[in-house]
Amino acid sequence: MLSEPGHYDYMPWRRRPRITWPNGARIAFWVAPNIEHYELDPPPNARRMPWTRPQPDVLGYSWRDYGNRVGFWRMADVMARHGVRGSVSLNVAVCDHYPEIIERCCELDWELFSHGTYNTRYFYGMNEDQQRAVIRENRETIKRASGQELDGWLTPAISNDETTQHLLAEEGIKYTLDMLHDDQPTPIKVRSGHLISIPYSLEINDVPLLIMRNTPPERFAAICKAQFDQLYEEGAESGTVMCMPLHPFLIGQPHRVSALDDVLRYVVGHDKVWLATGREIAAWYTEHHLAEAQSWIAAGTP
Amino acid sequence: MKGLPEDYLYYPARRRGMDHEIYPFRALPKAQPVTWPNGARIALCIAVHMGHFPMDMPLKPFIAPGGMERPYPSYWDYTLRDYGNWDYTLRDYGNRIGVYRLMNSLTVRGMPATALLSAILARRYPALMDDLAEARWEIACAGLDMGRLHHSGVPLDQERATVQEAAALVRARFGTSVRGWHSPAHSESSDTLRLVAEAGFSFTTGWANDDVPYVMVTDAGRLICMPLSQDLSDQRMLHQQHLPTEDFTKAILTAHQTLDREAEATGSGRILVVPITPWLMGVPHRIRAFNAMLDSMMARGSVWPATMGQIADHWRAQNPN
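Sequence lines, in order, name chains A and B. Heads up: the first sequence begins at 1 in our numbering, then just goes up one per residue. Heads up: the second sequence begins at 1001 in our numbering, then just goes up one per residue.
This is chain A alone, in the form it adopts within the complex (with noise of 0.2 Å):
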């Protein structure tokens, strides 16, 4: 076992070289929809169940499946109204299952990442043939389903192993979200070829926030916003990013939306805001920051 990732070097949050956005923009503010499947059957895995209840969990998968019945089209509402474009962590079996979903994304002009095949389908224990077969096959799946590029990655259900870093980079993954270590892009270090992180979250996250922190709606947006204000101020010294990732069968709850509605139009409120999409916030970096950052850490972070 690792006693740590070993994926990136140490990055104090002062001195760092300045991260300027387009058009003078102090914050790349980014939406994950995950768009998932968790399936009825799934088989087990050594390292986790995916049910908590025994299998069938009618509980767990009906409240899932709420998501791509139900929450999904009013989440999508609401960004569109506030022209907040998503960045989908897609469980790619959905583009088998739920064309209509796929297209509707793509309607909107979202981007499509991979969160793998399905959320009930870890990375816990696979050799590196196995998931490179299934990097491999999601990139195929996604150009198949919306003639997009995979760029993008976060493991179903975050279930990463050691190796998972390197294998995306070897397959031409440009960026990762499994790594939660900083709330601006940074590279990655990997075996052979290119990878960076940019910044998920599981702090304004809505699984973590309303399942595990119990938190009502009102005060999710509240969260929300206070993340914003945080990260928008101190962009003001060096661009920041804020990623805003949900989950249609939470945000997307009759209860809920309206949470969401409110944190949209807060943050496109304000004129200093990139409404980005991860690729975009990935392309920029490498293209004006990645080398910069590079030459600092090699410098010592003087």
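The set of hints was computed from the structure by calculation and includes no laboratory data. Hints are supplied without guarantee of correctness; some may be wrong.
[As the list claims (entries may be wrong)] Some, not all, of what chain A presents toward chain B, calculated at C-beta under 8 Å: (1) L40; (2) P43; (3) P54; (4) Q55; (5) W63; (6) W73; (7) H97; (8) Y98; (9) E100; (10) E128; (11) Q130; (12) L209; (13) H255.
Just so you know, even glycine gets a beta-carbon here, dropped at the ideal spot from N, CA and C.
Use these hints to put chain B onto chain A, whose structure you have.
Below, chain B without anything else, positioned relative to chain A:
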């Protein structure tokens, strides 16, 4: 190199639609528009979880929400419980007192309710059954009791006997008008729906995946699946998440507002099912919040207070296929 078994990357149910045959996929915008009596925008169903929790209920394979969490014999859980946030939540209390407060609140407002009833209560508390009948509450069968959960570890014959016994108990008191089923703790085996259809039920509620009814297909016939949230329920928010009462009532009112606006925008009626529990909402310090919530909902207007069976009938008449 060792890895996971080969079939871990094999997906036998990866195809258009669901990964099972129980119901087809349907996106909310594709749901057939429905109208309610008097053009109401919202069909409002108060669904009351009337469970009986045996003190010796099994704690495997999981403890049902509200189940005995303290060591046997937990008089605390069985009769009354201090949840640590200074709320008192109660089981048997709910069937003795809490449910009467709810009945009073609803009756005085002319509102019906649907009781999701542990069938054993039909035998245990005949006086309560008489009062439910007089209040014109709809009775739906919620299994035998909270200790007899339906899950894949239960042998088929045993599960069939449980469904049949539960159906017989509620029908012995309320007749064949009992058409609705709810599996206790929203838990089922792969056979439950078939056994429920076999026992002559016409609708089920507990799959928390839609705001609009849809049809489930079993080998023993069809069932209408009616909406029932767990996420937005007093058991979830007050008992499991320890949230203040006002967070629950506010969430219900927000959901009402969202659904009401959707009904207005789409021209299709919407359904709001409010799942409540006598040992939670029926306690003295919460009942006024419950009353205020009901009054706010009715004050919004264009509400049709109905039982789940009535809503199912209206939906079915407009969705005959």
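Do the hints match the structure? See the list:
Interface restraint check: L40 of chain A against chain B, minimum CB-CB distance 5 Å, threshold 8 Å, status holds. With a least beta-carbon distance of about 6 Å to chain B, the hint placing P43 of chain A at the interface is held under the 8 Å criterion. Taking 8 Å as the C-beta cut-off, the interface hint given for P54 of chain A holds, the closest approach to chain B being about 5 Å. Annotation: Q55 of chain A was flagged as interfacial toward chain B, and the flag holds, the nearest CB pair being 6 Å apart, inside 8 Å.
Taking 8 Å as the C-beta contact cut-off toward chain B, the hint placing W63 of chain A at the interface holds, the least distance being around 5 Å. Hint on W73 of chain A holds. Least Cβ distance to chain B is approximately 5 Å, under the 8 Å limit. The beta carbon of H97 of chain A is positioned within 8 Å of a beta carbon in chain B (closest approach about 6 Å), and the interface hint is therefore held. This hint holds: Y98 of chain A has a C-beta 6 Å from the nearest C-beta of chain B, less than the 8 Å allowed.
The beta carbon of E100 of chain A is positioned within 8 Å of a beta carbon in chain B (closest approach about 6 Å), and the interface hint is therefore held. Checking E128 of chain A against chain B: minimum C-beta separation of about 7 Å stays under 8 Å; hint holds. The restraint placing Q130 of chain A at the interface with chain B holds, with a minimum CB-CB distance near 5 Å, inside the 8 Å limit. Hint on L209 of chain A is violated. Least Cβ distance to chain B is approximately 12 Å, over the 8 Å limit.
Proximity of H255 of chain A to chain B holds as hinted, the smallest CB-CB distance being about 4 Å (cut-off 8 Å).
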